[in-house]
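A.B. asks: So the chains spell out like this:
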Amino acid sequence: MVAYVVRRLLVSAVVLVGISMLLFTLLQLMPGDPVEMMIDPMSFSGDRAAAIARRREQLGLDASLPIQYVRWAGEFLQGNLGFSYSTSRPVAEVMVERLGPTVRLMGTALVIGLLAGIPVGILAALRRNTLVDYGAAALSLVAISVPSFFVALLGIYVFGLKLDWLPTGGMNSVGGGGLVDSLRHLVLPAGILGLALAGPYVRYARAAMLEVLGQDFLTTARSKGLSRRRVVGRHALHNALIPLVTVVAIQIPVLFAGAVVVEQVFAWPGMGRLALEAVLARDYPILLGFVMAIAVLVLLCNLLADVAYAVIDPRIRL
Amino acid sequence: MTTLDTVPADAGSVSPGRLALRRFRRHRLAVAGAIMLVLLTVGAIVLPFVVGADPNAVDPSAIRRGPADGHPLGTDSAGRDVLARLLAGGRVSLLVGLSAALIATSIGLVLGAVAGYFGRSVDGALSRLADVVLSFPALIIIIVVVAFVGPSLPTLILSIGLFGWPTPYRIVRGMTLSLREQDSILAVGGLGAGAVRIIRKHVVPVVIAPLTVVATLGVAQAILLEAALSFLGLGVPPPTASWGNMLNEAQSLTILESMPWLWLPPGIAIAVTVMAVNFVGDGLRDAADPRAVR
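In order, the protein sequence lines correspond to chains B and V. If you're matching positions, the first sequence starts at 1 in our numbering and goes up one per residue. If you're matching positions, the second sequence starts at 1001 in our numbering and goes up one per residue.
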């Protein structure tokens, strides 16, 4: 197992290097020369081309692309992710600042999604081809089909504006306001993101449960006289959860996509919003940091899924 | 899983295509979805001529008016007719959905057939790549792409298509892998047929049914992605109307609260269209799978 994890980590490192090389090259291909902009065309007199060349040398931009990449990667590994074009603040600092709100939103949404989706999916499988099953299928299809930003707008319209029960955006009221205030701000965004997640979870849970219910060992369990509760609760459920863990873990990065949209609608100061701001301001260092963070997350979640699989299911040896 | 009651008594004389059609027709929601889609398509193509209003015609004298004579769904912040823009947006959504899904499915078909036919390292590399692409959130990658090249309709279609191939790829790869070992295919190979011929004549006809299902669900995905990106202002650039960018305006609380005619219609349009496509996709999946019960 340890050898497996180490090998996978090495492969992940190679993938990360590949992605970073690609992004680094893309950045260099962007039009516009930053050095050109560092020399004031009005006040500067003398040999402009020579001044630009000198500046380029000072910044290390005269080196070949591979050398520049190695230098950049060295800094990156030491935690220097560069500086934001628009605010000049260190990228790492800005990202850490935005990570907390996103984790709060995505974590709550994930819990809501799991709590809403998995029991419904399991119930649908147990009551297969009944009204419960059809109802669950219809609800999950609606959750998959209606875009979360539209649900978010409806939510703000109904609960924020018409009924005035909940705040329409932000993470806290102006001037703070304690735990209750934070929770009230969390209800709409996390609830909407959570319900959007529940849609696919219902389908996965139903499929996983049906798969298990059809297997021989359950017939054995039933025929040796175990109660239905024991058959379903212990034998079936345990085995159905194994593929579910994998699916949920692998999809964690996909949560980010939902978070981008929901954070935008609710003015939630998280990573998704940071990325959108960076796109609009063409703040490439921030974008680079963001994509690298997502890439790390993707690879970690894939690894986590495999390891979790082996830990829950003793039949699997890594 | 397996029951015989889906196969009619005269199955012997009925072609598989007919059987599939029968199963599809029994799927009531799928039929409703299909009818809905036909209506939407016809509406998006024909109705603009009936309505007559230009979706991009600005009228400074009629800004943000509620539904009234002449403007059945009111006007937006530039005095443009909301109904005309809704219909124009429908064309864009369908265009993006269909073309992006077509691109994704074509790439998936070619790569899947190649990986399944040649196996070994080709398969290993392509499948690894598919895993990575699949676990990356497409929306975020496309946002980054747009940051580099700027938003435009072709960029949108291409990037949605380019990131949608892993799902069709997996289906085609799996089927090709098992087909390859079949005696008939081995025999054709023995008779001197090359890889391209085998894939074209013997693999494609078999995978086309499951591929249609995946492509249909891909259309729904693409429409949702387009809407989300346009909503964020990174998809279809104005003044071209799209359901997503019509909703963009509703981020202002004033518009959200007092002018529901500006944002409810496009939102409902997206939801209904995607739901209809998904219903059809589910129906096709059950129709394409002879063992399916429902």
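The set of hints was computed from the structure by calculation and includes no laboratory data. Here a beta-carbon is modelled for each residue, glycine too, at the ideal position from N, C-alpha and C. Watch out, some of these pointers could steer you wrong.
[Claimed, not checked] Among the chain V residues that face chain B by a calculated CB cut under 10 angstroms, a handful are:
(1) PHE1049
(2) VAL1050
(3) VAL1051
(4) ALA1053
(5) VAL1132
(6) SER1135
(7) ALA1228
A.B. asks: Take the hints in turn and mark each one as holding or not.
C.D. replies: Hints, one by one, checked against the model:
Taking 10 angstroms as the C-beta cut-off, the interface hint given for V:PHE1049 is violated, the closest approach to chain B being about 28 angstroms. Taken as an interface hint, V:VAL1050 does not check out: its beta carbon lies about 27 angstroms from the nearest beta carbon of chain B, beyond 10 angstroms. Evaluation of the V:VAL1051 hint against chain B yields a violated restraint, the C-beta minimum of about 24 angstroms exceeding 10 angstroms. Here the hint on V:ALA1053 is broken, as its CB sits about 24 angstroms from the closest CB of chain B, past 10 angstroms.
The beta carbon of V:VAL1132 is positioned within 10 angstroms of a beta carbon in chain B (closest approach about 7 angstroms), and the interface hint is therefore held. At about 5 angstroms, the closest approach between the beta carbon of V:SER1135 and any beta carbon in chain B falls short of 10 angstroms, and the interface hint on this residue holds. Because the closest C-beta pair between V:ALA1228 and chain B is about 6 angstroms apart, less than 10 angstroms, the hint holds.
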